[in-house]
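Chains as they are written, first to last, in the working numbering: chain X, 114 to 332; chain Y, 114 to 332; chain R, 3 to 234; chain A, 3 to 234.
Hints were generated in silico from the structure; no laboratory data involved. Just so it is clear, CB atoms sit at the ideal spot from N, CA and C, and this is done for glycine as well. A few of these clues could be false.
To be verified - Okay, the calculated bits of chain A under chain X, using three or more residues with CB under 8 Å as the criterion:
(1) 161 to 172
(2) 205 to 216
What the hints assert, rightly or not - 25 Å max Cα-Cα, derived BS3-like pairs, lysine-lysine:
(3) X:Lys-208 <-> A:Lys-143
(4) R:Lys-134 <-> A:Lys-143
(5) X:Lys-236 <-> R:Lys-142
(6) R:Lys-44 <-> X:Lys-236
(7) X:Lys-233 <-> X:Lys-249
(8) Y:Lys-249 <-> Y:Lys-281
(9) R:Lys-9 <-> X:Lys-233
Said to hold, decoys possible - Computed from the model, here is a short list of chain R residues facing chain Y with C-beta under 8 Å:
(10) Asn-16
(11) Gly-82
(12) Ala-85
(13) Ala-131
(14) Asn-167
(15) Ile-187
(16) Ile-211
(17) Phe-212
(18) His-214
These are the residues of each chain, in order.
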Amino acid sequence: MLDKVGIAKRIAKEVRDGMYINLGIGIPTLVANYIPGGMHVVLQSENGLLGIGPFPTEDQIDPDLINAGKQTITMMPGAALFSSAESFGMIRSGKVDLTILGAMEVSERGDIANWKIPGKMVKGMGGAMDLVASAKNIIVAMQHCSKDGASKLLKKCSLPLTGMNCVKKIVSDMAVLNVLPEGAFQLLERAPGISVEQIKNATEGKLIIEGEIPEMILN
Amino acid sequence: MLDKVGIAKRIAKEVRDGMYINLGIGIPTLVANYIPGGMHVVLQSENGLLGIGPFPTEDQIDPDLINAGKQTITMMPGAALFSSAESFGMIRSGKVDLTILGAMEVSERGDIANWKIPGKMVKGMGGAMDLVASAKNIIVAMQHCSKDGASKLLKKCSLPLTGMNCVKKIVSDMAVLNVLPEGAFQLLERAPGISVEQIKNATEGKLIIEGEIPEMILN
Amino acid sequence: MINKVVKDAHDAVNDIHDNAILMLGGFGLCGIPENCISALLKTGVKGLTCISNNAGVDDFGIGLLLKTRQVRKMISSYVGENAEFERQLLSGELEVELIPQGTLAERVRAGGAGIPAFFTPAGYGTEVAEGKEIREFEGKKYLMEHWLRADFSLVKAWKGDTSGNLIFKGTARNFNPMMATAGTITIAEVEELVPTGELDPNQIHTPGIFVHRIFKGSGYEKRIEQRTVTRI
Amino acid sequence: MINKVVKDAHDAVNDIHDNAILMLGGFGLCGIPENCISALLKTGVKGLTCISNNAGVDDFGIGLLLKTRQVRKMISSYVGENAEFERQLLSGELEVELIPQGTLAERVRAGGAGIPAFFTPAGYGTEVAEGKEIREFEGKKYLMEHWLRADFSLVKAWKGDTSGNLIFKGTARNFNPMMATAGTITIAEVEELVPTGELDPNQIHTPGIFVHRIFKGSGYEKRIEQRTVTRI
Numbered sequence: 114m115l116d117k118v119g120i121a122k123r124i125a126k127e128v129r130d131g132m133y134i135n136l137g138i139g140i141p142t143l144v145a146n147y148i149p150g151g152m153h154v155v156l157q158s159e160n161g162l163l164g165i166g167p168f169p170t171e172d173q174i175d176p177d178l179i180n181a182g183k184q185t186i187t188m189m190p191g192a193a194l195f196s197s198a199e200s201f202g203m204i205r206s207g208k209v210d211l212t213i214l215g216a217m218e219v220s221e222r223g224d225i226a227n228w229k230i231p232g233k234m235v236k237g238m239g240g241a242m243d244l245v246a247s248a249k250n251i252i253v254a255m256q257h258c259s260k261d262g263a264s265k266l267l268k269k270c271s272l273p274l275t276g277m278n279c280v281k282k283i284v285s286d287m288a289v290l291n292v293l294p295e296g297a298f299q300l301l302e303r304a305p306g307i308s309v310e311q312i313k314n315a316t317e318g319k320l321i322i323e324g325e326i327p328e329m330i331l332n
Numbered sequence: 114m115l116d117k118v119g120i121a122k123r124i125a126k127e128v129r130d131g132m133y134i135n136l137g138i139g140i141p142t143l144v145a146n147y148i149p150g151g152m153h154v155v156l157q158s159e160n161g162l163l164g165i166g167p168f169p170t171e172d173q174i175d176p177d178l179i180n181a182g183k184q185t186i187t188m189m190p191g192a193a194l195f196s197s198a199e200s201f202g203m204i205r206s207g208k209v210d211l212t213i214l215g216a217m218e219v220s221e222r223g224d225i226a227n228w229k230i231p232g233k234m235v236k237g238m239g240g241a242m243d244l245v246a247s248a249k250n251i252i253v254a255m256q257h258c259s260k261d262g263a264s265k266l267l268k269k270c271s272l273p274l275t276g277m278n279c280v281k282k283i284v285s286d287m288a289v290l291n292v293l294p295e296g297a298f299q300l301l302e303r304a305p306g307i308s309v310e311q312i313k314n315a316t317e318g319k320l321i322i323e324g325e326i327p328e329m330i331l332n
Numbered sequence: 003m004i005n006k007v008v009k010d011a012h013d014a015v016n017d018i019h020d021n022a023i024l025m026l027g028g029f030g031l032c033g034i035p036e037n038c039i040s041a042l043l044k045t046g047v048k049g050l051t052c053i054s055n056n057a058g059v060d061d062f063g064i065g066l067l068l069k070t071r072q073v074r075k076m077i078s079s080y081v082g083e084n085a086e087f088e089r090q091l092l093s094g095e096l097e098v099e100l101i102p103q104g105t106l107a108e109r110v111r112a113g114g115a116g117i118p119a120f121f122t123p124a125g126y127g128t129e130v131a132e133g134k135e136i137r138e139f140e141g142k143k144y145l146m147e148h149w150l151r152a153d154f155s156l157v158k159a160w161k162g163d164t165s166g167n168l169i170f171k172g173t174a175r176n177f178n179p180m181m182a183t184a185g186t187i188t189i190a191e192v193e194e195l196v197p198t199g200e201l202d203p204n205q206i207h208t209p210g211i212f213v214h215r216i217f218k219g220s221g222y223e224k225r226i227e228q229r230t231v232t233r234i
Numbered sequence: 003m004i005n006k007v008v009k010d011a012h013d014a015v016n017d018i019h020d021n022a023i024l025m026l027g028g029f030g031l032c033g034i035p036e037n038c039i040s041a042l043l044k045t046g047v048k049g050l051t052c053i054s055n056n057a058g059v060d061d062f063g064i065g066l067l068l069k070t071r072q073v074r075k076m077i078s079s080y081v082g083e084n085a086e087f088e089r090q091l092l093s094g095e096l097e098v099e100l101i102p103q104g105t106l107a108e109r110v111r112a113g114g115a116g117i118p119a120f121f122t123p124a125g126y127g128t129e130v131a132e133g134k135e136i137r138e139f140e141g142k143k144y145l146m147e148h149w150l151r152a153d154f155s156l157v158k159a160w161k162g163d164t165s166g167n168l169i170f171k172g173t174a175r176n177f178n179p180m181m182a183t184a185g186t187i188t189i190a191e192v193e194e195l196v197p198t199g200e201l202d203p204n205q206i207h208t209p210g211i212f213v214h215r216i217f218k219g220s221g222y223e224k225r226i227e228q229r230t231v232t233r234i
């Protein structure tokens, strides 16, 4: 089973030179640390910045410069600042090439639930609904199963949806899977030490397994 | 009968301290010359400027600084530049206090026609339709009659409309009139030397004359 | 140019009446109108509807107005980080309307741009779409959303001039420019107030036409929610 | 950052194909992509649909492309000042669609902001409203208008960096920023091209994400249509 860093490392391999990328809070934020050097990508923060840099040193901290997770950050050379309306304009018009975000559940049709648990305090969807409704390419970072072993890759999400038919790829702690338009998870890679059988048992939604499934290469 | 400068001078008396004003091409542009000194107003140019200044001197000319009439201009201290989308955003949301523009015809309901003459080459409406549809307060500068004596203040416009129910006030070469919501021209002032009878004869639309109609004071 | 300067935060917000609809700029605690919020605590105005991306934290930002029960309703995209908020919400003292962040930004922008309604894909197929008109354009489904406007918009800028022109700094820009356009009365507090003519017209983010009152704020705390540093 | 620099205007526009839909920035002759227009004259591409507020004059701007019959259709708000345009229009060689200027600006902005349709009051009660859906909001009538997008957007900026970030100057900004957002491929020509990192992130009008190709233009003529001066 992959840990959070493992999931982030595997997702980093999906990044291509020249991409504009929006990273959600949590595991997706870690992806930035594993993007191969020499690759030129630009990270978007939906609160109004293209070109997120590393966290600041103590003397660089600027309260007027935060990311969407409200963390203090720096800017890369060539960064640009803009309003929230412009920010979501570029998101909705598909200018962001890749969106990486976490999920509580994903269905075989690519529906995603990641904002609300009935009975628990609802904090809000933030920008997640806009991102999933508009991104050309969405990769989800998630746990394959809940703590009590129930699958989170479902026929149909049980939680309130964030978006419909939008997830294209999943990197879980157990596997890499495509979400096919006809409504199925296509197994692409296994996490180190995880068998196809284990993945089958952990996936409630329709799972397509074709040929030999390789173990993922992380470095 | 007022000449163009006379109409501009009379309209200038409608200007109040603190107004943001959009001036159309032609007579309306002249109004800027007669706004009383000491009054603080800001002129908007719909191609993206608040704070139009006087025409430049030869050595101030900047081809990157023009008004909506494509004339070279200068900026007042405190001017701001913006895009055409932002410009019409502020027009549509009613932030411009006063719009002054020319007209070929106005109806007693406040309809205005000023962009198209059937059979003649159509150049386009430019920003006129946006301005008349959104301005809180529209004053029209116009000739009361055509060259052959036909009234241009009509029951119903004969030319294709620029906007409906929008004109609030008219300053013509013969008179100052309010356009009443119920559909009538209310005579307010006569041009120097023009009689109420002459205005009656020159106005096809419903004309309301109450009490003594004073002669306008221009200076 | 037209002088928009008022003496201080109290003069700026003093006529904000009970049950007013407010917009407050900021993302998290970044770029929030700190001085206006403090002044509202003092006027004691009640029953406010606050349109703001977030609701502050327990002891800062809009959280302060929640604590004094001055807020009747929050319209936001994310309201975490606030225990008092949670308590009032669960007890029914506070109403909350959650809106996707991009939809919130666009609805405010529409309010300031005279666009009463528009279509966005955000929320299609979710509970956000309930009761909303759905349309298909080029094979994709969209929701119709309406403009948002406010009686008073409270924004925070970095620099401003006496005519009301504003420049924001860093990601403190966020919702401030749109909110400045969507208020019947827009109140701007700035860190630096300069005479008209000192700002470059080409660098202004919010033209003064949108700003009705401006004052130089003081004592900015600029609290940081997530202090993250690179350890060298 | 991502390098967007191409060698020159020819390299920037060479793959613009016959019957492409173009947007061209500018208001009158102010802020028009002079170098891109010249390069299109040389590639000889035909059947273009040009979305541009104006259509240039007889011997400058889009007027040059009209003279060589490379334009099939103009989508504009005002097309005066051009005799050849008038001749082609009356003879039926050229198609023209006239759109209120604010609606044109907003439709392009919508195209770049992922908003397929919106409501505007401009044109209600006029022939512009024919065939369009009409809705009432708060007692006022509005038309539904759709987004505009282009295969290629050609914009002209003052300064740009190698990542495609742009700064415009004066009223040469006009339609350029929205058009930059609404092109499948956006090509920017700039007077000054600087290395990434030299522009202040807070002063950028168009973030580089919208720009696919950038080059330093040359020989800007910046013709003036109405040379008006104050006589001292």
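Each hint tested on the structure:
1. 161 to 172: As far as the region 161 to 172 of chain A goes, the hint holds, because 4 residues have Cβ atoms under 8 Å from chain X.
2. 205 to 216: holds (count 5)
3. X:Lys-208 <-> A:Lys-143: Violated, at about 33 Å.
4. R:Lys-134 <-> A:Lys-143: With Cα atoms ~20 Å apart, Lys-134 (chain R) and Lys-143 (chain A) stay inside 25 Å; holds.
5. X:Lys-236 <-> R:Lys-142: Not OK: Lys-236 (chain X) and Lys-142 (chain R) at ~28 Å, beyond 25 Å, violated.
6. R:Lys-44 <-> X:Lys-236: This hinted pair is violated, its Cα atoms lying about 29 Å apart.
7. X:Lys-233 <-> X:Lys-249: Answer violated: Lys-233 (chain X) to Lys-249 (chain X) is near 31 Å, above 25 Å.
8. Y:Lys-249 <-> Y:Lys-281: holds, 9 Å
9. R:Lys-9 <-> X:Lys-233: Not OK: Lys-9 (chain R) and Lys-233 (chain X) at ~45 Å, beyond 25 Å, violated.
10. Asn-16: It is violated, given that the least Cβ distance between Asn-16 (chain R) and chain Y is near 20 Å, above 8 Å.
11. Gly-82: violated, 32 Å
12. Ala-85: With a minimum Cβ separation of about 38 Å from chain Y (threshold 8 Å), the hint on Ala-85 (chain R) is violated.
13. Ala-131: violated, 27 Å
14. Asn-167: holds, 5 Å
15. Ile-187: Violated - the Cβ of Ile-187 (chain R) stays beyond 8 Å from chain Y, reaching only about 12 Å at its closest.
16. Ile-211: Given a least distance of 5 Å, the restraint on Ile-211 (chain R) holds.
17. Phe-212: With a closest approach of 6 Å, the Phe-212 (chain R) hint holds.
18. His-214: violated, 10 Å
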